[in-house]
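*Asks:* Sequence:
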Amino acid sequence: MNPSTGTTGRPVSHRATAASLLAGITLLALPAVAAAEDFRYVVRPGDNPWNLTRRYLKSIDYWPRIQEYNQIQNPKAIPPGTILRIPVAWMRAEQGTARVVDVQGEAQLHREGAPVAITPGMALTRGTVIRTGEASSLLLEFSDGSRSLVGENSEVRVGNIRHLKASDAQQVELELRRGRLENEVEPARKAGGRYRIHTPAGVAAVRGTEFRVATSEAGMRAETLRGEVALRNRRGEVRLRAGTGSLATPGQAPQPPSGLLAAPQLETLPARIERLPFALAFPAIAGAQRYRTQLAPPGAPAAVASDRLGTAPAALGRADLADGTYRMRVRAIDARELEGLDAEREIVVDARPEPPYPNLPVQDGVAIDERIEFRWTRSIEPGHYHFQLAADEQFQTLLADRERLDEPGLVVDADLAPGHYYWRVALTTTDEGHGPFSDVQRLRRPPPGPAAEAGEVRGGRLELRWKSAGENARYELQLSRDAAFSTADFTFDAQQAALSIETPPPGVYYVRIRTLEPDGTAGPWGRPQQFDVPHNYWPALLLLVPLLLIL
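Under mature numbering (1 follows the signal peptide of the UniProt record, and there is no 0), read the sequence shown as residues -34 to -1, 1 to 517, first letter to last.
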């Protein structure tokens, strides 16, 4: 009987062990996390406590302990196939390292002396303390392919990284002092493999899974995405299957597992992003309080280039993201801060060179001149501008398409009918090529002002009428003896489509009318009309009547 576990060494069939033997070392089917710190060895012919100790244990002095620990009655004739349990602490191991695969932002290592910036390719040994800054992350990889992503504002101490001599199995111990770790642990195919993350509130232990751990002053949380995690402390233990999570606080047992929030639906998000920073809305997740968006290069494992939190259901991206292809990962966060299942998709950021800012006409402005002037900001990058004017917001019907413009503006001489028009501008540089267009700008071409009917002189007044432009329309009229209206002899405002004024001096006049917008913006002038103000001879004739009577 094993005094530690209450089991006895027992033979197993060679058929059962043949498929799983690896150089005589077998890890039998176990739960995802073994509670005992024992290595399980399957005895081969000729094995005994002395030669096993010599091959795999720290000292030959351990052979009596193996015999006693496993209650071996006849050490010289142990039946092949017998399972021997050996405490891992007795076994010979080589110290390993954690390799830095990628770094984003600011990350430092602390051992002795001044902090040192962490760079890709570094090998971190036991006792090294890792600290990441704001908007920073780094990716660690271990010899078996397992990886840990250290999030922003985190502190991690590298503990034991060992390779057991008996099976070359890897054992990893990390201490998460603050912040977050996201882990992908390769299944322990060799006997004795394990992966542990220690926090002040508890320990998360696995033998092969994908999971997250975060810790703060309030406690720790663990979320399992694949496989199973044992979360335990002095007060108790819970098993977290895929899709569940738990919280643990110092001095209290871990909370029972609860389901993680569902992954968001990202199918409606655009595949190409041309403006930074971005916020791309998606359907809300019931129970979500916040959402996390992570962006990393696709393909090979890498650190996170952008990690942003928001309260609205939207995928977020930083303003300083470099152009390129990214793997986007989005998840919802519940009221207990447990982060849910990931939704992933690939996006392309193509935001450079950044477009100029449109200046003139202003957004939703009114263009009344025959020749419309367009202007935008001048780029500090050398290059050319690409201007487009269209009759539709999708730019399917182009009215002007001018490339390789050197100056930040141009005048469009086009006979545009009344209606709405759309324009945009982009920058092309030698280094980055053609960039995205600016936000679409809309302008309105109002209808021309009404044409006046023929003026009528009646009772010493000039009466003018024209077609109404609407119930609340206002008008501006000009009278001039010059058909080109180089100067206006008279200017009037009218509240309705008619005007009565004192008859001007006799002569030939031209009148033009334009409509005034409610905000005072004037529309284009209507077509000028000509009319005559005749001479009034009746006063002179009346003076002649007395003379005629005298004669």
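Honestly, the hints are just simulated from the structure, not real lab data.
Here the structure is a predicted model, which is why all the values come from computation and not from measurement.
It is possible that part of the hints are untrue.
[To be verified] Here are the simulated lysine-lysine pairs, DSBU-like style, with alpha carbons at most 30 Å apart:
1) K24 <-> K42
2) K24 <-> K131
3) K131 <-> K42
[To be verified] Pairwise CB distance ranges (calculated):
4) A83 <-> P348: 33 to 41 Å
5) S109 <-> E303: 30 to 38 Å
6) E303 <-> S25: 45 to 53 Å
7) S182 <-> E34: 38 to 46 Å
8) V406 <-> R284: 39 to 47 Å
9) D405 <-> E373: 54 to 62 Å
10) D405 <-> G79: 21 to 29 Å
11) A301 <-> W16: 57 to 65 Å
12) E310 <-> D405: 26 to 34 Å
Cβ coordinates follow ideal geometry from the N, Cα and C atoms, glycine included.
*Asks:* Which numbered conditions among the earlier hints are violated in the structure presented, ordered from lowest to highest?
*Replies:* 8, 9, 10
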